[in-house]
Amino acid sequence: MRKELPTIICILMAVVVVVSMYFYVPNEKWKLMDMFDNWYNLLYYLAMGLGLINLTRIHVMAVVKRRPNWVYSIWLVLFMWAYFILAMIQTVDGPQADWVFQNFLTPIDSTVFALLAFYITSASFRAFRARTLEATLMLLTAFIVLLGTSPLGDLIIPGWTTAKDWILSVPNTGGQRGIQIGIYLGGLAAALRVMLGLERAYLGGAR
Amino acid sequence: MSTDVGVWLQVICTIGVLTYLYKENWFWRIFEYAIVAGYTGYSLAYGYHNYIKPFIGEKMIKEGQWSFLIPLILGILLYARFVSGWGWLGRYAMAYMIGYGAGYTLGFDIKPLLGQIRASFISLTSINNIILWLFIVTSLAYFFFTVSKEAPAMKGLSTVGKWAVMIALGASFGNTILYRYNLLYPRMKLLFNTWLGLGG
Chain E
1 MRKELPTIIC ILMAVVVVVS MYFYVPNEKW KLMDMFDNWY NLLYYLAMGL GLINLTRIHV
61 MAVVKRRPNW VYSIWLVLFM WAYFILAMIQ TVDGPQADWV FQNFLTPIDS TVFALLAFYI
121 TSASFRAFRA RTLEATLMLL TAFIVLLGTS PLGDLIIPGW TTAKDWILSV PNTGGQRGIQ
181 IGIYLGGLAA ALRVMLGLER AYLGGAR
Chain V
1 MSTDVGVWLQ VICTIGVLTY LYKENWFWRI FEYAIVAGYT GYSLAYGYHN YIKPFIGEKM
61 IKEGQWSFLI PLILGILLYA RFVSGWGWLG RYAMAYMIGY GAGYTLGFDI KPLLGQIRAS
121 FISLTSINNI ILWLFIVTSL AYFFFTVSKE APAMKGLSTV GKWAVMIALG ASFGNTILYR
181 YNLLYPRMKL LFNTWLGLGG
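Line by line, the protein sequences are chains E and V.
The numbering of the first sequence is my numbering, which starts it at 1 and goes up by one.
The numbering of the second sequence is my numbering, which starts it at 1 and goes up by one.
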């Protein structure tokens, strides 16, 4: 019941999904994949509730036990529940919920990602100091692509954009294709291990 | 200078996050915790209105599609982890999701994989095609772990493959830098243009 049945469900589910994909019958009454998709989506969002409860538990405990940065935990729990309740009442597109999303969450999100512009630049300088052939190749390509995409490249050296286009379409495609094929093969091997019941890490501990 | 409350809030958030460039500080932490809290609340509310409510309330109860009872029960079993000794019940839901994911990968990944392989069969009639083919073969050799890299042929192939991979990563790195600066530009536009009213 604790290990065998979940393993059977997992194997059965993988087989059923594969079969329903390879032997798709375009029939209105037999939309098997649609049904499994809907089940998955429903399960996915039901599981997301766990995140809300777990975050609340962890941060309430942080406040109770006065762990480092516990003050921020109060803010996290209050804001999370306030925004969740607001969005539940109005939907996420409701006037106030959307206002908070557009004027509060989106700027934070965008700025966090924009912040990486500075760190990624400093990381490239650090990589350059490694002075290996591989690091030099990588940074040189990045530099050509970077400058070639902006109008500056062609102003400095005419034909820079052509060089960038060549790098992107020939050596880059070759390397990327090797990486992509490797990723797909790795993914397929991992999926096959799950389908054959060899990979059972998702069952967790021995209890 | 803008008098819009929304713009001011955006500016406070932007400056707050940018203070991290100096060092980790209390002002930054407010926004760090807010993003975790906000997106958790948002995702769950979004899921409720777009999936849980239509599937359970509309399709199952109103239209009588009782098959939704299966994922609903599985989903409820996930919460058994909060009852001591019954946490293992959540494995059923996990098993469904992992099995679905594995099946989905096996069903869908074959097509793009074959597409990549098919596109690699090119006629070696130009320098570009020769370089492309060479880089594909060598980069694959770099990821081929069945044969020892110490074997003379493999050593040479995987070394060239490493260069090919580095060029590919360099191109991705360059594009990532550009993308990040593209995100930074609207933030600066907000600060200098929309908020302070500088520039056109």
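Each hint should be verified, as a subset may be incorrect.
[What the hints assert, rightly or not] According to the in silico footprint, chain V covers these stretches of chain E (three or more CB under 8 Å from chain V):
| id | stretch |
| --- | --- |
| 1 | 89-103 |
| 2 | 112-124 |
| 3 | 156-163 |
| 4 | 184-198 |
Since the hints were made in silico from the structure, they are not lab data.
No residue lacks a Cβ here, since even glycine has one placed at the ideal position from N, Cα and C.
So is the stretch 156-163 of chain E in contact with chain V by the C-beta rule, three or more residues under 8 Å, or is the coverage claim wrong? violated (count 0)
Do three or more residues from the stretch 89-103 of chain E put their C-beta atoms closer than 8 Å to C-beta atoms of chain V? holds (count 8)
Chain V over the stretch 184-198 of chain E, status - at least 3 residues with CB closer than 8 Å: holds (count 9)
Please verify the coverage claim for the stretch 112-124 of chain E: does it have three or more residues whose C-beta sits within 8 Å of some C-beta in chain V? holds (count 10)
The structure fails hint 3 only (numbered hints given earlier).
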